[in-house]
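Chemist: Listed below, chain by chain, are the residues.
Protein chains: 2
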Amino acid sequence: MTVLAAHRLQGAEPLLPSLQARLACRAGNAQQTAGVAPGFVQGNLAILPEKLAASFHRFCQLNPKPCPIIGMSDVGDPNLPALGRDLDIRTDLPRYRVWRDGELVDEPTDILAHWRDDLVAFVIGCSFSFEEALLADDLPIRHIELGVRVPMYRTNIACAPSGPFAGPMVVSMRPMKPADAIRAVQITSRFPAVHGAPVHLGLPQSIGITDLAKPDYGDPVPINDDEIPVFWACGVTPQAVIAAARVPFAITHSPGLMLVTDLKNKQLAVL
Amino acid sequence: MTVLAAHRLQGAEPLLPSLQARLACRAGNAQQTAGVAPGFVQGNLAILPEKLAASFHRFCQLNPKPCPIIGMSDVGDPNLPALGRDLDIRTDLPRYRVWRDGELVDEPTDILAHWRDDLVAFVIGCSFSFEEALLADDLPIRHIELGVRVPMYRTNIACAPSGPFAGPMVVSMRPMKPADAIRAVQITSRFPAVHGAPVHLGLPQSIGITDLAKPDYGDPVPINDDEIPVFWACGVTPQAVIAAARVPFAITHSPGLMLVTDLKNKQLAVL
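Residue numbers (the UniProt record's numbering), protein chains in the order written: chain H, 1 to 271; chain L, 1 to 271.
So here's chain H without its partners, still in its complex pose (with noise of 0.2 angstroms):
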């Protein structure tokens, strides 16, 4: 019997629609995250060995536009309580991505496994929370529209470095027509903590993108005539990092599998 199954059985209050979802990923049952418990707030997962974890954490401190950290773990602790109740960083994510000198080792659905008393756990805000501030606005989301994922670019915006890691911020984009521009940089702003204003718009060979129909990760989406492509930091940003430090070992989520965490997204808002 499922945890959740047990909790309904003994006819305890109805659980937090995020709690349900961790338990889902927990029993297995979980496939994606996107569309999941509409409302609460859902992070990218970096976890690091205590060595790398001071310079990784001060990475984020340097950058935070694309690394906005949300949570974090003590030294060997996989709960995280102030980011949800009875979360287990090792079980509550649909799936992991196990990391060994760079190189992609393992997809697993838990990282019990892999989990070690030197390990920290940083969860770092996604864009899932500032669409669904665009999309409350009426500000239509060409990816979401399409059902793919959204397309992002390496740029040649440098990260400011800390110890091993350094690299270009990834962005996401968005085309939008101009005023709906304005006010997704209104919108978005009230977000620092999940990346908060864009970082670019118009002129994408201005950062370094020479063909917006040719992503670095996710999928292209098609422009108007009457739209300009706008770009924010992306939260794939500390992964890349993270991969081409090669460092010894690291588990990150898997892309768009991400962390559901009790925080609402209105909570996020500064205004």
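A portion of the hints provided could be inaccurate.
As the list makes no split between identical chains, a pair holds if one copy fits it or if it spans any two.
Computed cross-link-like contacts, SDA-like style, restricted to lysine to any residue with a CA-CA straight-line distance of at most 20 angstroms [to be verified]:
| no. | residue 1 | residue 2 |
| --- | --- | --- |
| 1 | 177 | 156 |
| 2 | 177 | 203 |
| 3 | 65 | 179 |
| 4 | 177 | 208 |
| 5 | 65 | 177 |
| 6 | 51 | 102 |
| 7 | 65 | 267 |
| 8 | 65 | 187 |
| 9 | 177 | 158 |
Hints listed in this document are in silico derivations from the structure and should not be mistaken for laboratory results.
For chain H, the structure is supplied; the task is to place chain L on it using the hints.
Modeler: For chain L alone, kept in the frame of chain H given last:
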């Protein structure tokens, strides 16, 4: 002896720079208001007979981005105490434009001879206020660097009509690097009383502007390859609309020669 000189002789406490500016206008000693009384709000002026004032007031209400009202007189009253101590709207601007049936018939330095008991004065926010906030954030403003007037363009964005008042929105344009444009959206969003956030950026043809080098008002400025044009609703809109309406009688300020008020620009920030 001027009012200002008389005041000084009395050994009173220093006058506000804004009042000094108005007294200089009153004495006929003011050539311009750009750069005068830094930190104080300057405004566009529109004066109409009471019969037309209600329609114009509603026009402003319907079109707050180009026509943000920051002050309004009572019928026939040339004083606007909410905007400034000892303020006389008939004498306190450097130069006025008097319109009859849509024709410019006079450009006097005061309107004492034109004043009537049925006139209502509207003071409308001006981009000087948000430009001060942009400069304070170290965002370069091309036309100020070059010492020319801001370029302004008639657009294909129709204002909401009211009575005889109708016509296209006029916008001002400032070229900016994309990251600066994003920052400018944030900064000017704080100032809804002085046009607020841009109405458009990039893609001038989307709003009916075919040649940025040929502004309809003001002076052209160069746009570099790494810049995009950023467009704000402009206080020239109400003046253009009043002229186009060919109303029997109206008075406006002479372009660039504004009313200096005792309000502080920073007071207009909503955040």
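Chemist: With reference to the structure, classify each hint as holding or not holding.
Modeler: Hint by hint, here is what the structure shows:
no. : hint      : result
1   : 177 / 156 : between (25 angstroms within a copy, 15 angstroms between copies)
2   : 177 / 203 : both (14 angstroms within a copy, 9 angstroms between copies)
3   : 65 / 179  : between (23 angstroms within a copy, 13 angstroms between copies)
4   : 177 / 208 : between (22 angstroms within a copy, 15 angstroms between copies)
5   : 65 / 177  : between (23 angstroms within a copy, 19 angstroms between copies)
6   : 51 / 102  : within (16 angstroms within a copy, 77 angstroms between copies)
7   : 65 / 267  : within (18 angstroms within a copy, 30 angstroms between copies)
8   : 65 / 187  : both (15 angstroms within a copy, 18 angstroms between copies)
9   : 177 / 158 : between (28 angstroms within a copy, 18 angstroms between copies)
The structure shown violates none of the earlier numbered hints.
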